[in-house]
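Assemble the complex: chain A is given as a structure, and chain B must be docked to it using the hints.
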Amino acid sequence: MKEKLKKFYILIPVLGALLFISILLIIFGTSPIEAFSAILNGAFGSQQKFLNTSAFWVPLLLASTGLLVTFSAGLWNIGIEGQIVMGALAASAVALNVEASKPVMLTLEILAAMGAGGLWAGFTALLKTKGKVNEIFGGLALTNLSIILTNYMISGPWQPPEGGTFRGTAPFASEALFPLLASSKFSPLALILSISALALVGFILSNTYFGLKLKSLGKNHYSAFLLGVSSDKEVFLSMAFCGALAGLGGAVRVLSWFDSLRQSISGGIGYLALLVVMLAAYRVILVPFIAFFFSSILTGSISLQLKTQLHSSLGGILTGVMVLFVILFGDRKKIFKKKMDQNNE
Amino acid sequence: MRVEIKEIKKYFGDVRANDGINFQLESGNIYGILGENGAGKSTLMKILSGYQSQDSGDILLDDKAILFDSPAAGLFAGIGMLYQDPLDFPPFNILENYLLGKSKNINLNFSSAAKQVSALADQYGFEVDIKAEINTLSLGERQQLELVRLLAEGAQLLILDEPTTGISAEQKEQLFTSMRRMAYDEKKIIVLVSHKLDEIQELCDHAFVLRKGKLVGQSEVPCPNERLVEMMFGSLPTRRERHPSVHDEVMLEIKDLKVATYRIQIDGISFTVNKGEVLGLAGLEGSGQGLLLRACAGLEEIDGGEIIVDGEIINDQEYHQRRENDVAFMGSGRLEEGLITGMTLTEHMVLAAEEHDFVINWKQAEVETKSKINTYQVIGQSSSTADQLSGGNQQRFMFSMLRTPLKLILLENPTRGLDVRSTNWIWEQLYERRSDGTAIVFLSADLDEVVDRSDRIAVFSGGKMSRIVNANETNVDELGHLIGGQE
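Those sequence lines, one after another, are chains A and B.
Straight run, no breaks: the first sequence in the working numbering ends on number 757.
Straight run, no breaks: the second sequence in the working numbering ends on number 536.
Just chain A, same shape as in the assembly (with noise of 0.2 Å):
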């Protein structure tokens, strides 16, 4: 009983949270009922809202899965968001400066992408092992960068021809972008891409030595070390690698959810990925799930305003305090007074 109890130990707080919202806006005079069902509404009334949910889900689940592989080491790759936009300004880079066939120009947008996240990453994971900064300050420091860096290709190299709205560049040519289905700004390719990259990482953590170290270094570095493990090594292949997935995310961001490289590329895709895994508890099972409710929520708000008189944040704010109310009450530790490794396992 208690076994299968633990496999739904998430919904307690999620339950918690909803109930939480509902008991605030009934105070502002609202109907809970009819807000959720303007987000549910929203996010899957109709073939067109599915697919854009699903459009928000890829990306959202190439960063979370890049993820996987950082807090299995026991990294805090803050630095997501910088490392996805990273990746969009290369797909950019590409898509503006490269004319050739589509699955030639795909090819080059997303190796640019996967390279340029990845590099962003390893360049946190430098400043860890050789610098001694914590990846978190690094992250940051170099999200910061990728935005400023974005903001100045927008407003001047890159720079639309008929003049600059400093929103963003031109779009791009079609031979640049994801072939998208239905007219919607969901693309097949993508998730395929990131569903493969899941199972990958799926494997890796759980087959590979590759992964065996990682989950050592998390758990515990100097034994890890005295065991054999290269830590140095370890977390620079390990930031890399979750640069890169957040990379291909940055590139699905710009060649399909827009058509042009924008301001805000990332939206703050890299940050939900974070919590995305911590809801997870690190499973990768779960992550997929998780993302894809995110993804329905914050879409599914955009189009509140319209339905009900509150604010599209409402879905923002359902998540924050979903998010809140895990790390609050979500524990399995207090929950089921067990392990918290061993129910890893």
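Certain hints may be false.
[Said to hold, decoys possible] Distance ranges between label pairs, derived from CB positions:
{"no.": "1", "chain 1": "B", "residue 1": "Q478", "chain 2": "A", "residue 2": "P600", "range": "58 to 64 Å"}
{"no.": "2", "chain 1": "B", "residue 1": "Q478", "chain 2": "A", "residue 2": "K542", "range": "40 to 46 Å"}
{"no.": "3", "chain 1": "B", "residue 1": "K164", "chain 2": "A", "residue 2": "I548", "range": "41 to 47 Å"}
{"no.": "4", "chain 1": "A", "residue 1": "I607", "chain 2": "B", "residue 2": "A309", "range": "54 to 60 Å"}
{"no.": "5", "chain 1": "B", "residue 1": "Q370", "chain 2": "A", "residue 2": "K542", "range": "18 to 24 Å"}
{"no.": "6", "chain 1": "A", "residue 1": "T519", "chain 2": "B", "residue 2": "A309", "range": "39 to 45 Å"}
{"no.": "7", "chain 1": "A", "residue 1": "K542", "chain 2": "B", "residue 2": "D352", "range": "19 to 25 Å"}
{"no.": "8", "chain 1": "B", "residue 1": "Q370", "chain 2": "A", "residue 2": "L423", "range": "49 to 55 Å"}
{"no.": "9", "chain 1": "A", "residue 1": "N546", "chain 2": "B", "residue 2": "Q478", "range": "39 to 45 Å"}
{"no.": "10", "chain 1": "B", "residue 1": "T185", "chain 2": "A", "residue 2": "N546", "range": "23 to 29 Å"}
{"no.": "11", "chain 1": "A", "residue 1": "K542", "chain 2": "B", "residue 2": "A309", "range": "23 to 29 Å"}
Keep in mind that the hints were calculated from the coordinates and are not lab data.
Note that this is a predicted model, so its numbers are computed, not measured.
The beta carbon of each residue, even a glycine, is placed where N, CA and C say it ideally should be.
Relative to chain A, chain B alone:
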């Protein structure tokens, strides 16, 4: 002030750290507390100072029973302890540190504090630069500062735990002068915890000797060293019969090795260990023997000298390279250094293996792990996590992860916490490796183990290594003197 210790008992699981200790301390005296590793000195002093509480028994202060719930409460009652590592805050300056322990005001009065500190320092002949930051001070200066703080709080009974380790000869003289002054002029009680016989003889009026949690003797000092040594160590065990298997060639050569940490310095030691030889390192814990092992393993940076294994200088090799070159290290903290909480035995075995494929063959790894834990009699499943094993089984499992053959095995407390049968079995396994030419260097807090298991013995005291003695020719008197810091 009179302090009476009555039937103090403190057990940690099966370990009887203090097993009914009685004695009295009178003001105006300097007392020495002597005992080897694990005799119960530290536990008793921690109880006396309020750092931890006894299971049973009483501490009477001027005939009144007292029970402290913290060192601060102890200090309030007039009992202050100077720990081996001073309890100060390195980023602070001296006055901030002084006031942190003393003042509860929001607005700190630095100028009056400065006067107090200077006055006390002058009184005892300490030179304290009031503006200095703690982390620029030497250990000796930090000790003086801590003493000043304890005295300012009104300590009437001062406990000093191994205060002369790591300080200069000059500082030691100063310390001793001030201790005499406190005892004889100011009628305080001074308790010196030390393993150095010379110091006890030089400074103390009376010595208490602890062994295995009991007070085994006391004596007015000065007295013949032999007397103290005999009380401290009792008699040595008879060595078990075995065939030494020492080869002629040298496996490990240490030339003028220098290692320095904040606490302790090894300043130029040299020795060799032959193939198939077992060298045991004895001495009070933290006297430099652990530093030597870690320097050999590549876990501690060396400041000079050479480490040569099987004819090759390995100074520049990092820990991982040395490991690949068949130098193995096993530390005494099992779940801190060696095993990983939350990972299964099979996972450990895969990590520690000599060769790795990119994709792990879990089935094969499990079969190998099962056979290893069978051979090493580990009670546990291949799917158990390391932290689910009992201490003794963790130790056996760590041995099962050692590769074969090895050139050099470096061990810290190899059988701590094991029962007699397991201990014998572990040593049989280690001895079997000698036919490969493996040299073994180990330290043990248990002197009996060092004497029983080694071919030769070196004793560490305050970072200095004694001459190396043959285990089958030495006696308790010789070792006792060496441990006590006398050649």
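Is the gap between the beta carbons of A/N546 and B/Q478 within 39 to 45 Å? At roughly 43 Å between Cβ atoms, B/Q478 and A/N546 fall inside 39 to 45 Å, so the hint holds.
Against the range 23 to 29 Å, how does the distance between the Cβ atoms of B/T185 and A/N546 compare: consistent or not? Holds: the Cβ-Cβ distance is about 26 Å, inside 23 to 29 Å.
Does the hinted range 23 to 29 Å hold for A/K542 and B/A309 at CB? The hint (23 to 29 Å, Cβ to Cβ) holds, given that A/K542 and B/A309 are roughly 25 Å apart.
Supplied distance hint 54 to 60 Å, evaluated on CB atoms of A/I607 and B/A309: holds, 56 Å
Using the beta carbons of B/Q478 and A/P600, state whether their distance is inside 58 to 64 Å or not. holds, 60 Å
Could one say that the CB atoms of B/Q370 and A/K542 fall in the range 18 to 24 Å? holds, 19 Å
Cβ distance range 40 to 46 Å for B/Q478 and A/K542, holds or violated: holds, 41 Å
Do the beta carbons of B/Q370 and A/L423 sit within 49 to 55 Å of each other? holds, 50 Å
Note whether the CB distance of A/T519 and B/A309 lies within 39 to 45 Å or breaks it. violated, 57 Å
19 to 25 Å was suggested as the range; check whether the CB atoms of A/K542 and B/D352 agree with it. For A/K542 and B/D352 the Cβ distance comes to about 23 Å; the hint holds.
Can the suggested window of 41 to 47 Å be confirmed for the beta-carbon pair B/K164 and A/I548? Cβ of B/K164 to Cβ of A/I548: about 45 Å, so the range 41 to 47 Å holds.
Figure legend: structure checked against the earlier numbered hints; the only hint not met is number 6.
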